[in-house]
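Chain by chain, the residues run as shown.
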Amino acid sequence: MNPFDYERAADAAGAVSTVTDRPDAVFLAGGTNLVDHLKLGVAEPDLVVDINRLELTEVEALDDGGLRIGAMVRNSDAAADPRIRRDYPLLARALLSGASGQLRNAATMGGNLLQRTRCVYFQDTSTPCNKREPGAGCSAIGGYTRYHAILGASADCVATHPSDMAVALTALDATVVVLGATGERRISVTELHRLPGDRPEQDTVLEHGELITALELPPPRPGASTYRKIRDRASYAFALVSVAARVDVDTAGHAPVIREAAIALGGVAHKPWRARAAEAVLRGAEPTAETFLAAADAELEAAEPLDGNRFKVPMTRGAISSVLAELTGVPEALPESTTEDTHE
Amino acid sequence: MSDLLTTTAVGTHQARLDGPAKVRGLAPYAYEHPFDDPLFLYPLQAKIARGQAAHIDPSAAEAAEGVVHVLTHDNAPELADTDDGELAILRSAEIGFRGQYLGAVIATTPEQARHAASLIEITYAQDDHDVELREDHPASREPESGSGDDVRTGNVDTALAEAAVSIDERYSTPMEHNNPMEPHTTVALRDGDELTLWTSTQGVHPARATLAPILGVEQEKIRIISPHVGGGFGSKGLPHADMMLTALAAQAVPGRPVKYAVTRQQMFSITGYRAPTLQHIRLGARTDGTLTAFAYDAISMSSQTKEFPEESTKPGRMMYAGDNRRLTQRVVPLDVPVPSWMRAPGEASGMVGLEIAMDELAVAAGIDPIELRVRNDPTTDPDTGLPFNQRRLIDCLREGADRFGWEKRNPQPRARQENGWFVGMGVASATYPASRQPGSVARIRRTPEGFEVSIGAADLGTGTWTVLSQTAADALGVPIGQVDLRIGDTALPNATVAGGSTGLASWSTAIVTAAQELRSEHGADPAIGAEAHGEAEANPAAEKFALHSFGAHFAEVRIQPTTGEIRLRRMFGMFSAGRIVNPTTARSQLIGGMTMGVGMALHEKGELDPRFGHVVNHDLAEYHVPVNADITDIEADWLDEKDPQAGPLGARGVGEIGIVGAAAAIANAAFNATGVRVRDLPIFGDAFLPT
Amino acid sequence: MGHSLHLTVDGQEHTLVVDSRTTLLDALRDRLGVMSAKKGCDHGQCGACTVLVDGRRLNSCLALALTHDGAEVTTADGLAPEGEFSTLQRAFLAHDAFQCGYCTPGQVCSAAGMLAEAADGAPSVVTDDLEGPVELSEEEIRERMSGNLCRCGAYVNIVTAVSRAAEESR
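Chains Y, P and W, in that order, are what the protein sequence lines are. Take the first sequence: its letter number 155 is residue 155 in UniProt numbering, and every next letter is one higher. Take the second sequence: its letter number 305 is residue 305 in UniProt numbering, and every next letter is one higher. Take the third sequence: its letter number 120 is residue 120 in UniProt numbering, and every next letter is one higher.
Among the clues, some could well be false.
Here are some chain W residues the structure puts well away from chain Y; computed CB gaps all over 10 Å [as the list claims (entries may be wrong)]:
#, residue
1, V17
2, S86
3, A94
4, D120
Calculated pairs, EDC-like style, for lysine to aspartate or glutamate (alpha carbon to alpha carbon, straight line, at most 20 Å) [unchecked claim]:
#, chain 1, residue 1, chain 2, residue 2
5, Y, K39, P, E65
6, P, K306, P, D130
7, P, K47, Y, D24
Label-pair distances were calculated between CB atoms; the ranges are [to be verified]:
#, chain 1, residue 1, chain 2, residue 2, range
8, Y, G253, P, P610, 57 to 67 Å
9, W, R170, Y, G183, 43 to 53 Å
10, Y, A136, P, A54, 19 to 29 Å
11, Y, S188, P, N75, 54 to 64 Å
12, P, P610, Y, P134, 17 to 27 Å
13, P, I528, W, E82, 31 to 41 Å
No lab work stands behind these hints, which were simulated from the structure alone. Everything numeric in this text was worked out from a predicted model, so none of it was measured. Where a beta carbon is used, it is the ideal one built from N, C-alpha and C, also for glycine.
So that you can see chain Y by itself, here it is in the shape it has in the complex:
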C-alpha cells in the first residue's frame, strides 16, 4: 500500500472540491471495496478523503411518492427500512443478497454503485489488465472467465459489474444525484455505468471529483417484483447470474395479459443489464412458460459467451423464466429429460 494523505470531509461540497483539485485523490465511504484495493495495489491514491461523517444518511419520502436515499445510508439500513421493504421489495432483496451482514453494515448506497469488477486479473497486479492499466491487454480473454460477461463485452474487457443492488435499481429506473465542482446533476442509473468498449478503465460516466449524494426511486409501480441471485454458494458469493424483475399482469379480461414488465440482469455484463428486448416480448403478451422463454431468448440473442462461461446462457434463460413464472404464478417449463447424459 502506497502512503497517502488522509482528510476527513466536513461537508459534501468541500469533499468534492478537494478531490476535484487532486487528480489522485479518492473518496472513502464504507471502504469495503477501496480498502481491499489499497491493499492489493489496485488503487494507489495520494489522498483519501473520508466522507463517513457526511450527513447523507436520510431516507426521505419525495413529493411525487418516490423515495430519496442518502448516499451514505448503509446497505443494511436501507434493506431494513420499512418503506423500502414495503414498496421496493426487489431492492431490499437485492441488498440482502449481497456480501455478508458485516459488509452490508459498512457498505454504502453510493459506494455499492461504484464497486469495481471482481475479475481476478483486475485484482491481481501481476497480470495485465486494460481496466487497471489501459493498453496493457486483457488477461481474462483466454483465461478464467466463470464470472465474466456474456453481453456487451469488448475485445478489451469482458469484466462484469458485481453489484446486486445496482441491478435492482436498474429495474426500478432509479436516479442518481451527483454533486460536482460545478453543481448538481441527475443521472438515470441505467446511464450511470458504461459498457467497456475501448475504454474499460472508465466504469461509469462520473467525472473525477463527482460525488454521489443520493439515489431517488420513482413512485412504486404496480405488479409483483423480486430479485433472484444464482450463485455457486448458498450465500456470501457473487452472482453468476441475477435477475431483478417486476411484472404487472392485467387479469381483468378473458385471458391474462402482461401490462408491463421491467427486467434487469446481473453478472452478465460490464453494467447492470436492462433487458429491454425481453421486456418488449412480454409487453402485451399472455403470461405463459413459452412467453417467458421467448422473452429470455430475445434478450440472449446477442449473447457472446466465452469458453469459460457458456453455461451462463442457459442459466440466464432458466433464471429469467423461473423468476417470471414465480411472479405470475404460471407453472415453470422444465428442461427436457437428460437422463444418462454425462458431463465431461
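Given chain Y's structure and the hints, the job is docking chains P and W onto it.
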C-alpha cells in the same frame, strides 16, 4: 494385542479445556504472543513460473521509511543442506514456480514492509513453463516418494473383456487448498546462537528436525513454540518455505523478533495444496455384481521444485476384491508450487473416482449400491493378504442406511421432485488407515496439585488439549482436574506430527506408558517431584493385521433444473473408528471432515492459469469453501466398539475419515436426482444445464 | 504520517498514533496488542476480524482505523467482562461450536451483532415476508452467519449454539 486401558474419563463428554480462552479470543496463536519491539516481514515473490530473477535491485526499498533489512539470494545466510527444494530458498536466481520466494523486506511496521517490497525492481529472464497436467504427458513417471509399487495380478484386460458388466471411465479432482482460518505464521527471534520460533505447526519436533540440518545448527539450539494452531488440515504438517524465510530473516536482525503472517493470497503458492488428479478406472463384474477385474490408473500433478505424489490409488489397493487387478500411480512434475498434505492425502481424492465408479457399476448391474459394496467386501486385505483388524464397512453401510432412511430412495433418476427441485440420494464408502507412529515421549511429574503431563503434541482444533487430559486422567486413575497438560513446545518431550490421523494413537500410547512407568518406579502414590517417561513404540499389530477405519456417507441433494443450482439438503456419516475418546470433539471432527467434503464436492477448485502458472482465484472470495448456509444438516455417528489392535485406548483417530468418500456420496446423489453423471469435481450447476 | 486516534476497546480508552494506512484490525493487533480480533484473509472474505463498532458488527480489516476515531470497539473478549461469559459464549462452549478456535471470536461478535439486528426486525434474504416479524429459524441463522467462514466445519454446532442463545435471551 495390547491391554486396553480401564476408563472413566475416556469415552465420556468433556467440553474443550481450551474453550474458555478461545471464545474470548485469548488463546495465543503464533502471531499473538507478547513480543517486545518486533519487526515485520513482507516477502518478494516471483512473477514468472520458470526462469531467473536476473537482477534484484533492493535500493529503493532500503531507502524507504522504516526498512531495516532487505533479504535476497545475494545476501541470504548459507544453508548446510539444500536437498529439500521447497525449503532451500534464496540459493540462487533460479525460479521454479510462480510465487516462489525471492527475498523479503524487514521493517518497523507492517505497512512499511509491504510498501517497501512493492518498490523493489526485479528483472526477469523468462523461460517457457509447463503447468498443465494431462494423461499423456511425456514427463509422467513413477513417484520417487510413493508408498507402494504397481499392482498387476491376473489379466485385467481379458477379465474386463469377458465381464458380464463393466465400466470404463475417467474421473478428475482439481487443485484444492487447505485454507485453515489462521494463515501460516512464524515469529522468529535469534538470540546469540539460539533461535526461537513461535509458529503454527502440526508438529513442533518434526518441524525442528526438518529445519535444523538445513540451517546447519544443532536441534538443541532451536526452540519451537506452538500451543494453539488455527487449523491446518495437513498444510501445517510439514514446514513450508514461509517458516524458513522467517528463520533466515531473523538471522539478519539478531535480538529482534521478526513477524510474518502469510497473506491469504500467498498461501495459494507457498503453503501446500492437494494436487489435482486424473483417474482412469475400469471395473468388470459378474451379473451379481462381484468384481472380476479392477483397474485403476492414476496420475497426479507434482512440482519440479519437490516431489509430492497425491496417491489416489491408495484406497483402491484395499477397498474391494477382484481376482484380476491393476493399479498404477504416476506423477507429472511441473513448474508449479509444491503440493503437500491435505486432509486424507490419497484417500480423499482416490475415493472420489473409486466410489463414483462403484455407483456406476451398481447402475450398470442393476444392483443397489449398498448391496454391491456388501458383495465385494473382502475378508482379507487384497493388498497385503493380512486379516483386517475390524472391517465393519458393511455394518456402517447397513446401520447408516437405516438411520438415513435409504429405503425411501428411488433408484430411478429424476423420479423425485419437490417445489421444482430434483431430489436424490447417494451413498459412498469411507476408509482410512489406522496408523501409530513410534517415537513420541511423555513425561509425567507429580506436583502438589496433581500431575504435570508433558508432550510436544499439537492441537489444531482436533481436541488434543482435552482428549490427552482425559487419557492421562484415566492412565493415572485421577480426576481430570488433577491433570496439568502441556503441549506444543520443543522444550517438552518429543512428539510425532499431528497428521495421518495418528496423533491420538501415538501420543496416548506414550502417556499411558509413562503412567505405567511412574507407578512401577514410584508406586501408587508418588512423592511430589517424582517423574517418569514413557515412549510410544511402533504398533506390533501392524505386522499381523491390515489396520483401517471404515465408514459410510449418505447424502441427499437438490438441484434446480432450470438454473442448475445444486445444494446439499442433508448428510449422514456412520463410522467405525475404534473407541471414541471424547464423543463431543470426535463428532465435531467427523462433521468437520464431511463439511470439507461438501466443499470438495460442490465448491473448491484452484484455477491454475496455464499462461501465467499461478492460481488466479487465490482468495476466499473467489476460491469458495462452504459457508454456513451451504451446510444445512450434517450428522455423524459411530459404531460402539473398541479396537484392541489400535493401542491401549482402542481408538483409531478420526481426523481424516470424515472427508473420505463424502464428495462421492454427493456426486452419486446428484446422479440419482438428475440422471447426470458428473465425474470431474467440483460439481458446479453448469453440469445440469442444457448446453 | 502519524495521525492521532482515540478508541475505546472493550471498555478501555486508548489514544494512539497510526499510519493513515493502518486498518482498524491492525490498530487493534499490532498497535494495541488486542489479539481477540483475528486476521484470516485481510480482505473482508472470511469474517474472522469481526468486531462490534458502536454496537454494529463490522469487518475490522476493511476499515481504516482513522475512519473510526472516537468509536467504541467491542471484541469477543469484551463480551465477557471480568471473565463473565455472555449467553452466546456459554452456548458456544456447551455445543462445541468451534474446533481450532481461530474464527470463533469473529463468530461470537457476528452472532451478537446479528441477534441485535434480528431483534430490530431486520429481514434477511431468506425471510419470506419482508414486512413480517423475524423468526430466527435455523435457516435464518445460517444465512445471517454466512459472513463468517469456519474451515474446521463447525457450522452445524454454531447454528445450534446461536439458536439456543437466541432462545435463552428472548
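Which hints from the list above does the structure break, by number from lowest to highest? 4 and 7
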